[in-house]
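Visitor: Read off the chains here:
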Amino acid sequence: MPLGSQDWIARLRDPADRSATSDFAAAWLPELIAFLTRRRLTADDVLVQEAAGTAILDFLKAPDRFDPAKRSLEGYLRMAAEGDLRNAIQREVRRRNREVQFPVELDPAAGNESDDEPPRLDDFPELVAVRDALPEAERTVFEMIAAGVRATGPYAVVLGLDGLPPDEQAAAVKRAKERILKRFQRAARPREGP
Amino acid sequence: MTDPLANLARRVEPDPFFLAAALAEYARTEGLDDAGLAAALGLPPDRLPHLKLCRPPRSDHFWPDVEHLAGRFGIPPEPLAEAVRRGEAVALARAANPPTDAGAFLAARDADPPADSPP
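Sequence lines, in order, name chains V and X. Just so you know, we're using the working numbering here: the first sequence kicks off at 1 and counts up by one. Just so you know, we're using the working numbering here: the second sequence kicks off at 1 and counts up by one.
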């Protein structure tokens, strides 16, 4: 019989129970990993494990943040783990794309003097200005586009649309991607010149 | 993929909130890997992550806490107490000295003098 939330809280509050943290982690880590895997927010197992672990460690450090009157312990941990995973996905996308190359098709006036090197976003101040003005979520979306991410799921997570039904989610993600890319296209256009 | 609980236990090694911190310091000073540490504690290797994720013994309840942990994992208390005490002492030395100094201190303490060194 698994322990209820009040039992766990009691164990974690008991200063003499030095193994409560270990038992809690062993009980909840597989459950949270399974939950996050079912959510299909990412195929990266390492990120899933880390997010589940972060939720558990944060809870162990501050169990009193959990209010059983508001939600179940399971719901609280799942919500925390999912939030941690969303943050981790955004950080990972940023890390991968810190030096991302700008999509060539959005750069009609590239002035691409070297045949060897594709144009880079950072070579075009007007495009850099557009990128830097994007809200954080949209900037992440842009970086994902530039990195060639095709699946809808990660975009929906970043944009906070993953609660929508799949068809609405796909349509909303498509609109968001088009809106973001249009900003770059508009900024690139003046460079085309007469 | 490696065991998620083992990964979590490794992740908390820098954190003195968990027993993992003292055990990691002890293992480093003894040159032990996880299998060696488990053997030194008399613990099956697959139980080591569980032990690492426990809280360390409190200084004012050291023996009762060590006995609680030892009883919980079915291991003798003495090696666990020795590992925790030495691990925590090394952590204190490290905190009191810059990392390079602590390393030099430990190296100087542990190493035999070269045969041709002056007295």
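Don't read these hints as lab results, they were simulated from the structure. Only a predicted model underlies this, so the values are computations on that prediction, with no experimental measurement involved. Any given hint might turn out to be false.
Said to hold, decoys possible - Straight-line Cα separation of at most 25 Å, SDA-like style, residue types lysine to any residue; simulated pairs:
id, chain 1, residue 1, chain 2, residue 2
1, V, 61, X, 40
2, V, 61, X, 78
3, V, 61, X, 32
4, V, 61, X, 58
5, V, 182, X, 42
6, V, 70, X, 10
7, V, 174, X, 58
8, V, 182, X, 10
9, V, 61, X, 42
10, V, 177, X, 81
11, V, 61, X, 94
12, V, 61, X, 64
13, V, 61, X, 76
14, V, 177, X, 45
15, V, 70, X, 62
16, V, 70, X, 95
17, V, 61, X, 61
18, V, 61, X, 15
19, V, 61, X, 31
20, V, 61, X, 11
21, V, 61, X, 35
22, V, 61, X, 30
23, V, 61, X, 39
24, V, 61, X, 36
25, V, 177, X, 82
Unchecked claim - So the derived label-pair ranges between C-beta atoms look like this:
id, chain 1, residue 1, chain 2, residue 2, range
26, X, 67, V, 3, 15 to 25 Å
27, V, 135, X, 44, 27 to 37 Å
28, V, 27, X, 59, 48 to 58 Å
29, V, 61, X, 44, 45 to 55 Å
30, X, 95, V, 79, 34 to 44 Å
31, V, 79, X, 64, 17 to 27 Å
Where is the CB? At the ideal position from N, CA and C, for every residue including glycine.
Visitor: Determine for every hint whether it applies to the structure shown.
Guide: Status of each hint after checking the structure:
For the hint pairing residue 61 of chain V with residue 40 of chain X, the CA-to-CA distance comes to about 29 Å; that exceeds 25 Å, so the pair is violated. A C-alpha spacing of about 28 Å is found between residue 61 of chain V and residue 78 of chain X, which places the hinted pair above 25 Å, so the restraint is violated. Of the supplied pair hints, the one linking residue 61 of chain V and residue 32 of chain X is violated, its CA atoms being roughly 28 Å apart against a limit of 25 Å. Distance check on the hinted pair: residue 61 of chain V and residue 58 of chain X sit about 16 Å apart at the alpha-carbon level, within 25 Å; holds.
Using a Cα cut-off of 25 Å, the hinted pair residue 182 of chain V and residue 42 of chain X is violated, with the two alpha carbons roughly 65 Å apart. Between the alpha carbons of residue 70 of chain V and residue 10 of chain X the distance comes to roughly 33 Å, so the proposed pair goes past 25 Å and is violated. For the hint pairing residue 174 of chain V with residue 58 of chain X, the CA-to-CA distance comes to about 56 Å; that exceeds 25 Å, so the pair is violated. A distance of roughly 46 Å separates the Cα atoms of residue 182 of chain V and residue 10 of chain X; the hinted pair therefore is violated under the 25 Å criterion.
Proximity of residue 61 of chain V to residue 42 of chain X is assessed by CA-CA distance (about 29 Å); at most 25 Å being required, the pair is judged violated. A distance of roughly 59 Å separates the Cα atoms of residue 177 of chain V and residue 81 of chain X; the hinted pair therefore is violated under the 25 Å criterion. Taken as a hint, the residue 61 of chain V and residue 94 of chain X pair is honoured in the structure, with Cα atoms around 24 Å apart against an allowance of 25 Å. With a C-alpha separation of about 23 Å, the suggested pairing of residue 61 of chain V with residue 64 of chain X holds against the 25 Å cut-off.
Distance check on the hinted pair: residue 61 of chain V and residue 76 of chain X sit about 28 Å apart at the alpha-carbon level, beyond 25 Å; violated. Using a Cα cut-off of 25 Å, the hinted pair residue 177 of chain V and residue 45 of chain X is violated, with the two alpha carbons roughly 50 Å apart. Of the supplied pair hints, the one linking residue 70 of chain V and residue 62 of chain X is violated, its CA atoms being roughly 37 Å apart against a limit of 25 Å. Pair hint residue 70 of chain V plus residue 95 of chain X does not hold up; C-alpha atoms about 41 Å apart against a cutoff of 25 Å.
Distance check on the hinted pair: residue 61 of chain V and residue 61 of chain X sit about 20 Å apart at the alpha-carbon level, within 25 Å; holds. With a C-alpha separation of about 11 Å, the suggested pairing of residue 61 of chain V with residue 15 of chain X holds against the 25 Å cut-off. Only pairs whose Cα atoms come within 25 Å are accepted, and residue 61 of chain V paired with residue 31 of chain X is rejected, the gap being roughly 30 Å. For the given pair, residue 61 of chain V sits about 15 Å from residue 11 of chain X by alpha-carbon distance, which is consistent with the 25 Å threshold.
Pair hint residue 61 of chain V plus residue 35 of chain X does not hold up; C-alpha atoms about 28 Å apart against a cutoff of 25 Å. Between residue 61 of chain V and residue 30 of chain X, the direct Cα distance comes to roughly 30 Å. Violation of the 25 Å bound is thereby established for this hinted pair. Between residue 61 of chain V and residue 39 of chain X, the direct Cα distance comes to roughly 30 Å. Violation of the 25 Å bound is thereby established for this hinted pair. This hinted pair does not check out: residue 61 of chain V and residue 36 of chain X have alpha carbons roughly 29 Å apart, beyond 25 Å.
The straight-line distance between the Cα atoms of residue 177 of chain V and residue 82 of chain X is roughly 59 Å, outside the 25 Å bound, and the hint therefore fails. A hinted range of 15 to 25 Å for the beta carbons of residue 67 of chain X and residue 3 of chain V is consistent with their spacing of about 23 Å. Take residue 135 of chain V and residue 44 of chain X: their Cβ atoms lie about 51 Å apart, and the range 27 to 37 Å is violated. The hint said 48 to 58 Å for the Cβ distance between residue 27 of chain V and residue 59 of chain X, and at roughly 28 Å that hint is violated.
A C-beta distance of roughly 28 Å is found between residue 61 of chain V and residue 44 of chain X, which places it outside the suggested range of 45 to 55 Å. With their beta carbons about 36 Å apart, residue 95 of chain X and residue 79 of chain V fall inside the hinted range of 34 to 44 Å. One distance hint, 17 to 27 Å for the beta-carbon pair residue 79 of chain V and residue 64 of chain X, is violated here, with the actual separation near 37 Å.
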